[in-house]
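Top to bottom, those sequences are chains F and A. Read in order, the letters of the first sequence are residues 1 to 419 in full-length UniProt numbering. Read in order, the letters of the second sequence are residues 1 to 419 in full-length UniProt numbering.
Worth double-checking, as some hints may not be accurate.
Stated by the list, open to error - Some residues of chain A that are not near chain F, with every Cβ distance over 10 Å (derived): (1) G37; (2) P85; (3) P90; (4) S178; (5) D225; (6) A327; (7) R329; (8) E339; (9) W346; (10) H366; (11) R396.
Unchecked claim - Under the rule of at most 25 Å between Cα atoms (straight-line distance), these lysine to any residue pairs were calculated in the SDA-like manner: (12) K181(A) <-> A404(F); (13) K181(A) <-> R285(A); (14) K181(F) <-> L407(A); (15) K231(F) <-> A312(F); (16) K181(F) <-> K181(A).
For the record, the hints were derived by calculation from the structure and aren't laboratory data. Don't be surprised by glycine CBs; every beta carbon is placed ideally from N, CA and C.
Number of protein chains: 2
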Amino acid sequence: MTRRNLLYAQSGGVTAVINATAAAIIETARRHPEAIGAIYAARNGILGALAENLVDTAALDDAALAALALTPGGAFGSCRFDLDPPDQNPAQYDRLFDVFAAHDIGYFLYNGGNGSMDTVAKITAAAQARGFPITAIGVPKTVDNDLEGSDCSPGFGSAAKYVATSMLEAGLDLAAMSGSKGRVFVMEVMGRNAGWLAAATALAARDRVDAPPHIILLPEVAFDDETFLAKVREVVERLGYCTVTVSEGVRRADGSLVMEQGHDNKGHVQLGGAGQCIARLVSTRLGYKHHWAIPDYLQRAAGHLVSATDHAQARAVGTAAVEYAVAGRKAAMPAIIREADEPYRWRIGAVDTRAIANLERLVPAHFIREDGLHVTDAALRYLRPLVEGEVVRPYRDGLPDYSAVNLRSLRRRLPAQVS
Amino acid sequence: MTRRNLLYAQSGGVTAVINATAAAIIETARRHPEAIGAIYAARNGILGALAENLVDTAALDDAALAALALTPGGAFGSCRFDLDPPDQNPAQYDRLFDVFAAHDIGYFLYNGGNGSMDTVAKITAAAQARGFPITAIGVPKTVDNDLEGSDCSPGFGSAAKYVATSMLEAGLDLAAMSGSKGRVFVMEVMGRNAGWLAAATALAARDRVDAPPHIILLPEVAFDDETFLAKVREVVERLGYCTVTVSEGVRRADGSLVMEQGHDNKGHVQLGGAGQCIARLVSTRLGYKHHWAIPDYLQRAAGHLVSATDHAQARAVGTAAVEYAVAGRKAAMPAIIREADEPYRWRIGAVDTRAIANLERLVPAHFIREDGLHVTDAALRYLRPLVEGEVVRPYRDGLPDYSAVNLRSLRRRLPAQVS
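Isolated chain F, as found in the complex:
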């Protein structure tokens, strides 16, 4: 068997566990010296591949890889960039394959979401059309959990654990502060089209009746001011306070984003996140005191609150991706297959990136309560195991002891990219 080099790259929004996948890929690739030579990474995803901006991971010893696996963010840098269709921009693929050839890349592992699976499918198609020898593999990752073909996506479980814990804790705070005037707390979570993270905050309630979050606004459900406000009033009158989770991408029935819908009395658009707009609506219409939180990057970078299930799955897809690469399973993606809810059992299975690229898995109707303002028991059964377990991690001086990867760039073998 000919040894070829492996190139790994990270794409899209990074997560608390994408580096765990990276570490597993490097560790597994080192166990395949019969097939894999050098193990490279591209800086900033496919952009680094195009720019021949590569690093050699050989300098990372076992301790460095163990630390990397517990560090959030994307150690090699990420990007938001889609390749053009091969027939529209063949020069882009010429360049990419020139870089692959110059560094004898036989395996390309791309770690990302829907767009990255499309990149893997396009590279596979272009390579086959040209007879270029490359095995491109998709490695799943997205806090949005909207990847088709996998029961869940690495990164989601940890972000879900973070937002559910945050709602639980903020709810305790709010319950203590609720005064006679009613108090409303709104937390805006990520999810432009898919409400998985918003749904996950339902775990905060556990088995307690009337516990936060009292209302969950999903992008899958058209937002209606009056239905929402009536529910807020009902909750506040009963409990003295109300907690609301809102997906950043919540829309009204006419398709307009709630976050674009704030207007002052002269008709000027007031920009702001969905959380702020919802809080302002409650304040304006019902007169309750209001607070809003926007965890933003905090929810996908919380390495201090990683789900052990998510961490194990992030490693497992990395390991499987290398095995698929060595086996020559072109355009495959290791997916997480659920075998049982309780006790939770899962395994890895292969899906074809060409069948799922650019699809978007939304929260299904049977996970959404009939009134559209919360989730069902079926959703909770799905979500519960994904946040399970804690990862013991080192601290230094009171803060998580994260590592930095400082690798020198590979010497370039090609002229600079013509853009």
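Dock chain A against chain F, hints included.
Same frame as chain F, now just chain A:
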């Protein structure tokens, strides 16, 4: 010695460790049966005392107290309410002392910030003027760290650990996502007048050069648009991204709040937090991509990321408060006295609430860097030990296993309060 009953109450914004203080008070009071009879708590602070809305903590067993000590929020409910001066509203004190007398309260322990110390001082003065037998003790708590007389305040260390960890993690995320166009992340933290929490995010940088946060905007320093923007540009041109911490209460030299200063091009005020206004300023003036996070309640309720130092101090002030009460040290507050920075040593000492009530301890000039955009090494030496150590805590189904205190109200002995 005559046994009298003890009444405990929580006031102001709650914290991740105020219930640890509550648990320590109850545990310590039980060890003084020679002086203390029943141990009651008021619901929602002094409002509950006025309304005769009291609970008996006798039903809390050792396990319940241990769980309480690890639960954020205020288990007995809090309030934002100041007593009137005794000479202006004697009826308010008549009512309060009637409630105290009806339940044989000999000790009143009020757990809060500056305003609560004022309440303790006022009750002590009114009681002395009337010859009413009560020992009122102040118990410190505030995430704002702005209480005079104590080196730090319980609640601050845990909130500081949370915001520093959050900046560390968001910084890793941002570094991975920084593209060619420059990327700026702004995190708004609590602190209307005192910038202690904003300053604490400096711990995220540790000993790394050019690490987040790159800029810290404190309410103690007049905000100047041009100075700030020039620094942002300099950082982005050097690193490709820039992270900013902003206190919610940052003001311009004319005293106006930055968060009130957003105007659209027609002169209409655009409401929003300081974080959003700063992010929008960067975007409008420099054209960089921007994100902002507002942890809001999350930063003071993060029971999952408590500082062990803070937790120990929260318990210590509770224990000392009971001992001061039994010793009859009227109007005293147990304060934290720092004996050494490194290794950190501290002890509890008594201060008189009448000397510190309503004062506000701001970040001192020697903790602020000369350009006003960051903190000094002296600030780091002060802050570092306060976030030290982790508290091991139970999880259930993947989330922190917090407890709820469900105590029946005491039977009322007085007519309802006339308001």
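Tell me the numbers of any earlier hints that the structure contravenes, in ascending order. Structure breaks hints 4, 11, 15 and 16.
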